[in-house]
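Engineer: Residues per chain are reported as follows:
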Amino acid sequence: MLRTLRIILGLAIALISSAVQLVWADDASIVLTRLATENYSEIEAGVTALAASAIPSAEAVLNALADSRLSYRLSDKAIFFKDTSGKWIDAATNAAPSEQPTGLKPVKVNNRVRRALDAAIGSMTLLSADPKKRIAAADAVFKSRDVNTLSALDSVIAKETDAIVKQHFEEARAAVLILKPDAPEAERVAAADRLGQRGDQDALALLSSVTNANATANVIAAGSLAAKSISRRLALLSAAQNAWYGLSLGSVLLLAAIGLAITFGVMGIINMAHGEMVMLGAYTTFVVQEIIRAKAPSLFDWSLPIAIPLAFFVSALVGLVIERMIIRYLYGRPLETLLATWGVSLMLQQAVRSAFGANNREVGAPSYMAGVWDLNGFQITYGRLWIILFSLTVFLALLGVMRGTSLGLRMRAVIQNRRMAAAMGIRTPVVDALTFALGSGVAGIAGVALSQIDNVSPNLGQSYIIDSFLVVVFGGVGNLWGTLLGALSLGLANKFLEPIAGAVLGKIILLAVIILFIQRRPRGLFALKGRAVEQ
Amino acid sequence: MKRLISTIAVSAFAAGSLLASIAAKAEDTIKIGILHSLSGTMAISETTLKDTMLYLIDEQNKKGGVLGKKLEAVVVDPASNWPLFAEKARELITKDKVVATFGCWTSVSRKSVLPVFEELNSILFYPVQYEGEESSKNIFYTGAAPNQQAIPAVDYLMENEKVQRWVLAGTDYVYPRTTNKILEAYLKAKGVKAEDIMINYTPFGHSDWQTIVADIKKFGSAGKKTAVVSTINGDANVPFYKELGNQGIKATDIPVVAFSVGEEELAGLDTKPLVGHLAAWNYFESVDTPENKDFIAKWQAYTKNPKRTTNDPMEAHVIGFNMWVKAVEKAGTTDPSKVIDAMIGVAVPNLTGGLSTMMPNHHITKPVLIGEIKADGQFNTVWQTPGTVVANEWSPYLEGSKDLIADWRAPLSCGNFNVKTGKCGSKS
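The listed protein sequences correspond, in order, to chains P and U. Using my numbering, the letters of the first sequence correspond one by one to residues 1 to 535. Using my numbering, the letters of the second sequence correspond one by one to residues 1 to 428.
Honestly, the hints are just simulated from the structure, not real lab data. One thing to keep in mind: the hints can contain errors.
So, partial list: chain U residues that the calculated Cβ filter (under 10 Å) puts toward chain P [what the hints assert, rightly or not]: (1) Gly64; (2) Gly68; (3) Ser112; (4) Pro115; (5) His206; (6) Glu264; (7) Leu269; (8) Thr421; (9) Gly425.
Heads up, simulated SDA-like pairs for lysine to any residue below, C-alpha to C-alpha not over 20 Å straight-line [to be verified]: (10) U:Lys225 <-> P:Lys132; (11) U:Lys250 <-> P:Ala239; (12) U:Lys217 <-> P:Asn39; (13) U:Lys217 <-> P:Gly199; (14) U:Lys217 <-> P:Phe378; (15) U:Lys272 <-> P:Lys228; (16) U:Lys224 <-> P:Ala243; (17) U:Lys304 <-> P:Ala355; (18) U:Lys224 <-> P:Asn214; (19) U:Lys218 <-> P:Asn214; (20) U:Lys250 <-> P:Asp200; (21) P:Lys228 <-> U:Lys304; (22) U:Lys218 <-> P:Ala243; (23) U:Lys217 <-> P:Ala239; (24) U:Lys420 <-> U:Gly400; (25) U:Lys218 <-> P:Asp200; (26) U:Lys218 <-> P:Lys108; (27) U:Lys218 <-> P:Ala66; (28) U:Lys272 <-> P:Ser208; (29) P:Lys108 <-> U:Lys272; (30) U:Lys217 <-> P:Asn212; (31) U:Lys181 <-> P:Ser367; (32) U:Lys225 <-> P:Ser208; (33) U:Lys250 <-> P:Asn212; (34) U:Lys272 <-> P:Gly371; (35) U:Lys217 <-> P:Asn242; (36) P:Lys132 <-> U:Lys304; (37) U:Lys272 <-> P:Gly199; (38) P:Lys228 <-> U:Gly248; (39) U:Lys374 <-> P:Asn39; (40) P:Lys143 <-> U:Phe219.
Built from N, CA and C at the ideal position, the CB exists for glycine as well.
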């Protein structure tokens, strides 16, 4: 009897002490286990609770969840995350677990959880030592407009010494205040002014949600005044932005057409396989990137500079083969050339489809081509900037080749008067072959750039062939400057028509205008004069 | 000379025996037609479906075929050329004597072959989500109708993301136009104002999205939660998503829900900037069911490619093919007119863990899944209908079709019965 009693007593003590220990150690875990679920609303609530708690690992856990590095153990719902080096960390103790955790399931997030995460991480990193992180935090608060961060914002604004960071903090504070119905009226009016100074679309969005329902007349008046000034500014900006878009579309057209300006414009060959030369260039980029990914991932940023000469070489070689095997028998017979090159283009497409498959291939963007350069609301995407610079470089280089090298001299001589050039001892067939290879090679280079903005698929070339002919014919056959001007004016016209008429109608209008233009000036913007025209 | 003669003799013999073997084969096999483009613009999507069919036929033959006979695939290439689809369909039915055909992707190709299948009374299985507004006696639609994809997606955004402003962006052809018409009517019925809906169409293969993405951004900053419903087709999606990433539009700000973007399309993209954007389908490769795992393992083994993805139209072919096998076994014959009758009511397991049934309107019941794009190019299912959804082949939100129903059972046997007038109309 006594023994049983003792056993019971002992058990009870053991139970109680373990329970106490459990409560003590797992105060933190209770919040953490809320993340160990499939239910998104529960995870969302857990994120907010975690951000408000004083758990030392909270920030690391939230960051891990945002990068999907967070998992939970199915057996006991303990939370683990991988640190940046890939080692497991136990979230409850914020240290490496004694043994490798097993039976883990990743915690999934959806957009609502992601928004909660952005807001939570934002409010936690307002005090970060890194000014960039503080700005990111301020922007997160600007978006979340979490009223609870107000006191934190007030204290960081008072302490902040960096002017730019301070501005972001104040804008975030204004964003919180403007929609807070119980804030003092004067503060809300000041917030409207502050947002008006920010002057971007996000500020406009905030100001336009100030309505009768949540504000007094004074606040509404200040809000609509600020909104008006923003709208004016944005209208101006959008015109500038359109011009930029036009320029960037023009540079893409220029790149696609510039090879054709040589084969069609200069040699007079209706080369329907031109688009496929562009496609080959794009696939060369893909192959280069695949090799770099497999062999030397650190060189990835160099993949495009490496691909450029290779793409030129591949496309030029294919061009040379086509010229030697088909086109040279067809000089002076444009219809047959058209049909033959059309056939070649189909063969090349199907060959690529058989070799690489019909699916799109992924060509990654190097780090310097990703992201936006924000000039006070005027946004320049780095990728487009590089493409504009690149196409101008290619254009100038080609112009240099035509003007300054002996190959260019001979090319021009053959174009102007083939017989005379032959009589002077120029081997015209060799010049023909090299010219065609040059045009094809330049198309290959264009493919490297286009792989950054379009699908790398066997159909890549087809979508550019019509536009390329349009540019060359519009600009004036046989004139590189005409191609430049043609491409840029078509790009600009397209982008200014698009917002007014829509993409489909805009394109139709543009085509109609070009048809009318060609009726008036059959030789395009810059007509070649002299002997070449008579041939 | 002697050598030449013997060569000729040998090759003649070889040719003769080959012919004989073909003839022998023709007698004891059942022929299935595969009508998917293997070249041209649609090859990107359709080639996989051809492989899927070859895989399914191979699997069925391993199980002993159908009705004691082996199946034989007849593959033709309509080359993304719509009139050629009709010619090839006629060739399959009259010359190759196929008893059923699996094929088409675009609606225009289906419209092109529809009269051929009706005239020759054969069977077509159409595996792609489409705009509805059709029901033919000879076509079985195993893809989603708008209410099995578009409308649940809009509901999800309304309820879970509290979206109040809508951009309906699509490629300029029949599927996006009809779907957007249905969605516009649906949204208005739900109380969304006209100024909160922006509709935008772009040409096929549109590649310069700068202006339109900037417009969407502008439209989205009017103080109301905005989402984009995208019916942008195939190739144009890659530059569209690249531009979204470039201009920094994140899914947490303006989510994009797409109806034509699946695992295959994402394979050509760097998906990290797209995390959180959505797609609505009836199947995702990432669905965690034993049926799906088994299918993926066998498919990857068949194609000898451990990275080969699966997608929604593939699942539609799996369901359609299994239904056809079951209907043939039920009817005891491959005769199309008997199989058509036997098809209705046939139920087979789908890959998401439920049963799909062929309804009298020749459409199947399907679950609707909403997935968010993950960094690895797969989808994370964030929402799912509790059961399967029956297709509305005629949309109740469109003026011309709200009174129409399709029921191919006797005695009605009509694809466009008007319940108001009580007549079987001429619309098909």
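Engineer: Next, verify each hint and record whether it holds.
Structural biologist: Tested hints:
1. Residue-level restraint check for Gly64 (chain U) is violated (minimum Cβ-Cβ distance to chain P is 33 Å; threshold 10 Å).
2. This hint is violated: Gly68 (chain U) has a C-beta 36 Å from the nearest C-beta of chain P, more than the 10 Å allowed.
3. Because the closest C-beta pair between Ser112 (chain U) and chain P is about 21 Å apart, greater than 10 Å, the hint is violated.
4. Because the smallest distance between the Cβ of Pro115 (chain U) and any Cβ of chain P comes to about 29 Å, over 10 Å, the interface hint for this residue is violated.
5. Annotation: interface hint on His206 (chain U) holds; nearest CB of chain P at approximately 6 Å, less than 10 Å.
6. Proximity of Glu264 (chain U) to chain P holds as hinted, the smallest CB-CB distance being about 6 Å (cut-off 10 Å).
7. About 6 Å separates the beta-carbon of Leu269 (chain U) from the nearest beta-carbon of chain P, less than 10 Å, and the hint is met.
8. Of the supplied interface hints, the one on Thr421 (chain U) is violated, with its beta-carbon coming no nearer than about 37 Å to a beta-carbon of chain P, more than 10 Å.
9. The closest approach between the C-beta of Gly425 (chain U) and any C-beta of chain P is roughly 32 Å, which is over the 10 Å cut-off, so the hint fails.
10. Distance check on the hinted pair: Lys225 (chain U) and Lys132 (chain P) sit about 28 Å apart at the alpha-carbon level, beyond 20 Å; violated.
11. A C-alpha spacing of about 24 Å is found between Lys250 (chain U) and Ala239 (chain P), which places the hinted pair above 20 Å, so the restraint is violated.
12. Among the hinted pairs, Lys217 (chain U) with Asn39 (chain P) is inconsistent with the structure: their alpha-carbon atoms are about 31 Å apart, more than 20 Å.
13. Distance hint between Lys217 (chain U) and Gly199 (chain P) is fulfilled; the C-alpha atoms sit about 15 Å from each other, no more than 20 Å.
14. Proposed proximity of Lys217 (chain U) and Phe378 (chain P) is supported: the alpha carbons are some 14 Å apart, at most 20 Å.
15. The suggested pairing of Lys272 (chain U) with Lys228 (chain P) is violated, with an alpha-carbon distance near 37 Å, which exceeds 20 Å.
16. For the hint pairing Lys224 (chain U) with Ala243 (chain P), the CA-to-CA distance comes to about 29 Å; that exceeds 20 Å, so the pair is violated.
17. A hinted pair counts as satisfied when its Cα atoms are at most 20 Å apart, and Lys304 (chain U) with Ala355 (chain P) qualifies at roughly 16 Å.
18. The suggested pairing of Lys224 (chain U) with Asn214 (chain P) holds, with an alpha-carbon distance near 15 Å, which does not exceed 20 Å.
19. Annotation: proposed proximity of Lys218 (chain U) to Asn214 (chain P) is violated, straight-line Cα distance about 24 Å (limit 20 Å).
20. With a C-alpha separation of about 17 Å, the suggested pairing of Lys250 (chain U) with Asp200 (chain P) holds against the 20 Å cut-off.
21. Proposed proximity of Lys228 (chain P) and Lys304 (chain U) is contradicted: the alpha carbons are some 62 Å apart, above 20 Å.
22. Proposed proximity of Lys218 (chain U) and Ala243 (chain P) is supported: the alpha carbons are some 17 Å apart, at most 20 Å.
23. This hinted pair checks out: Lys217 (chain U) and Ala239 (chain P) have alpha carbons roughly 15 Å apart, not beyond 20 Å.
24. Our distance criterion of 20 Å between C-alpha atoms is met by Lys420 (chain U) and Gly400 (chain U), whose separation comes to about 12 Å.
25. A distance of roughly 10 Å separates the Cα atoms of Lys218 (chain U) and Asp200 (chain P); the hinted pair therefore holds under the 20 Å criterion.
26. About 31 Å separates the Cα atoms of Lys218 (chain U) and Lys108 (chain P), which puts this hinted pair outside 20 Å; it is violated.
27. Taking the CA atoms of Lys218 (chain U) and Ala66 (chain P), the gap is about 27 Å. The hint is violated against a cut of 20 Å.
28. Among the hinted pairs, Lys272 (chain U) with Ser208 (chain P) is inconsistent with the structure: their alpha-carbon atoms are about 32 Å apart, more than 20 Å.
29. Restraint check for Lys108 (chain P) and Lys272 (chain U): satisfied, since their Cα atoms lie roughly 16 Å apart, inside the 20 Å limit.
30. The suggested pairing of Lys217 (chain U) with Asn212 (chain P) is violated, with an alpha-carbon distance near 26 Å, which exceeds 20 Å.
31. Only pairs whose Cα atoms come within 20 Å are accepted, and Lys181 (chain U) paired with Ser367 (chain P) is rejected, the gap being roughly 41 Å.
32. Among the hinted pairs, Lys225 (chain U) with Ser208 (chain P) is consistent with the structure: their alpha-carbon atoms are about 13 Å apart, no more than 20 Å.
33. Note on Lys250 (chain U) and Asn212 (chain P): the hinted pairing is violated, with a Cα-Cα distance of about 30 Å set against a maximum of 20 Å.
34. With a C-alpha separation of about 13 Å, the suggested pairing of Lys272 (chain U) with Gly371 (chain P) holds against the 20 Å cut-off.
35. Under the criterion of a C-alpha separation no larger than 20 Å, the hint pairing Lys217 (chain U) with Asn242 (chain P) is consistent with the structure, at around 14 Å.
36. Simply put, Lys132 (chain P) and Lys304 (chain U) have alpha-carbon atoms about 48 Å apart, too far for the 20 Å limit, and the pair is violated.
37. Taking the CA atoms of Lys272 (chain U) and Gly199 (chain P), the gap is near 30 Å; set against the 20 Å cutoff, the hint is violated.
38. Of the supplied pair hints, the one linking Lys228 (chain P) and Gly248 (chain U) is violated, its CA atoms being roughly 25 Å apart against a limit of 20 Å.
39. Of the pairs offered as hints, the one joining Lys374 (chain U) and Asn39 (chain P) holds, with about 18 Å between alpha carbons and a cut-off of 20 Å not exceeded.
40. This hinted pair checks out: Lys143 (chain P) and Phe219 (chain U) have alpha carbons roughly 17 Å apart, not beyond 20 Å.
Violated hints for the displayed structure, listed by number in ascending order: 1, 2, 3, 4, 8, 9, 10, 11, 12, 15, 16, 19, 21, 26, 27, 28, 30, 31, 33, 36, 37 and 38.
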